Amino acid sequence: MEHFIQTIGRNMFAIFGVMALGGAAFMIASRSAVHSVLGFLFAMLCIAGCFLSLEAEFLGMAQILVYAGGIVVLFLFVVMLVEMSKKKEKEVFQLQSRYAVVAVLLGAALFLGVFRKVLFGAASPEALVLRPELAQGLNVAGQNAQAVSRGLFADYLLPFEILSVILLVALVGAVVLAKTERV
Amino acid sequence: MTGFAQGLLTALLRDTPLITPQLFLMTVATLMLWPGDLFFNRNEKHKWAPITLVILAITAFLVTKVPDGEGFSRMFRMDGLTRGFQMLCILASAGAVTLSVKLLDSLKQQTVEYYALILFSLAGMLFLCGASDLISVYFSIELMAICIYILVAYLRDRATSVEAGMKYFLLGAFSSGILVYGISLVYGAAGGVSTNLVDINQALALTPTTSNLLVYAGVLMVLVGMAFKVAAVPFHMWAPDAYEGAPTPITAFMATAPKAAALAAFLRVFGTGFHGVSSDWVLPLCYIAGASMILGNVAAVRQESMKRLLAYSSIAHVGYMLLGVLSGDPKAGAQAVWLYMLIYIVMNTGAFAVVIYLQGKGEGERIEDFKGLGRKHPVLAFAMMIFLLSLAGIPPLVGFFGKFYLFKLAIEQGYVTLTVIALLTSAVSAYYYLGVVNQMYFKEPEGEAAPMGSGSVFIVALACILVLVGTAFGPWLLDWAGKIFWV
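In the order they appear, the protein sequences are chains A and B.
4 is the number of the first residue of the first sequence in our numbering; add one for each residue after it.
15 is the number of the first residue of the second sequence in our numbering; add one for each residue after it.
In isolation and in its complexed conformation, chain A is listed as follows (with noise of 0.2 angstroms):
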């Protein structure tokens, strides 16, 4: 039992990523737009499993909340408000099956010239890193929330709060260009 226990562990990770291709196919399958958005959810919220079992703690978290929180919200709310028909729905929807094929073919052929070195060739002698110095500097921070927040409140401190106004400006343009009435 403890020996099952220990393998399942190990295996964490292709555990979630199984399950999070089980939720995106049923997400591209399923005929109910309100399905396949909750087919959305459990993918999202699978990948952030992911990311917590490499140890990615702040950017799991940031995948349940952004994806699983905002965005499934969001796309909730246009397929509600949007409210199709099933037939149009039909109609929609496998219009596309032709171009989706072409799409998922090419997409194949150009993840396999990109990767096909990567998949079948021989191993590395040692590890791919970017940036040496900056790998040394996430360990010495320890955790990776520390050096998230490194990274946004000593280095990129500016540019954050640069950004910060550009959503309070991109929220002022919204009501500015949308309310009813003026003066």
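Hints were generated in silico from the structure; no laboratory data involved.
On a predicted model such as this, the values are computed, not experimentally measured, just so you know.
There could be a bad hint or two in this list.
Beta-carbon label-pair distances, calculated as ranges [to be verified]:
| id | chain 1 | residue 1 | chain 2 | residue 2 | range |
| --- | --- | --- | --- | --- | --- |
| 1 | B | L297 | A | G116 | 32 to 38 angstroms |
| 2 | B | Y195 | A | R101 | 30 to 36 angstroms |
| 3 | B | G83 | A | S33 | 55 to 61 angstroms |
Where is the CB? At the ideal position from N, CA and C, for every residue including glycine.
Place chain B on chain A using the hints.
Chain B only, in chain A's frame:
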């Protein structure tokens, strides 16, 4: 971890004085939206204009008080270049705000958001003038541009305004994408260690020849992205439509303030960051500058709308100013560009003030509307003639002074062909500017215009006096320009 937090606080306290004007602007603009807007009822919104002018004056005062220095992980730099161009942006914004009052009143479109967005945009420009890192350059450009997209589409009941905003937004987003892709390529080519301009300049000097193509592609894409923002040919397609559709005060704003800020960034990015790899960008920039002068001036000849004419003329003027960016001596180039921009802001705002004065209820921006203005409003026609002659660069008006200084520098730096093109196209520009003068003085007036007396009269008078006597203050102007420098 306390060490980290303490270091953060120390750095913050040290660096915050550098951006007091921007912090002030952003805080006040937010407070204007809420709770400020609650204090004025529907018919009193025009009172926001004088308040905005006071805010701009305080900002200008704060800019003079900011100490020189560099902060925020070397992302923002306060020096002569920053301060000089920040002042230009504030000046241009003040002009636009003054021109807005009566026009928005007559259209019944006064809101607090209009003025707040101008202030937010100005904050972005002030950041952009001092941005010394590719990341902060990009974010400042976005803050500046997003506000202007909204302002262009501000008159949302009017199809032209919405269309202009949409076009400007799409092309602006597209150009931002190119800019940020170029930044990422340069960042990769420079070793992926830093986006600071000084660091990048050093790192690019050490890149192996195998990554030459990467550097070339990156620098060119940054060049294209920036050229979009200043509307230089062949990346100018958005400008005439956006200028024509936008509310006229915003057209005056777009033609001056964001250009000043973007040129400051242009000077700093290419003068500091890409100075070492100038062989990569000098030739393309030469073509861009030459094409802007030629196409801007030639296309302006055929225009029937005054706003479009001024739009094409602003494209041409950007072409002239790019001569300063090309200068091998970045400091002299920056001084010439600053001087030209200062003069351009004064005469351009003056010309737009006349257009707005004549616009009545937002109609009548065709050149034909200027027919017989010399008979109907002699003083106004005289002022308009002064602005147009100055834009054409006819001595002894101050526009000639700026052009002379810029062209002299370009010849000294060995850009003889470009300078000859600049002189020839200036002659072409005199043709269409004089065409308007011809309409004003030698054509019979038609119909009754409904001009509106407003703050624009004040702007017209002030700008006219400045353009007329500006040359006499040449030594002072040169003295001010001498303070434009950076390391």
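How the hints compare with the structure:
no.: 1; hint: L297(B) x G116(A): 32 to 38 angstroms; result: holds (35 angstroms)
no.: 2; hint: Y195(B) x R101(A): 30 to 36 angstroms; result: holds (32 angstroms)
no.: 3; hint: G83(B) x S33(A): 55 to 61 angstroms; result: holds (59 angstroms)
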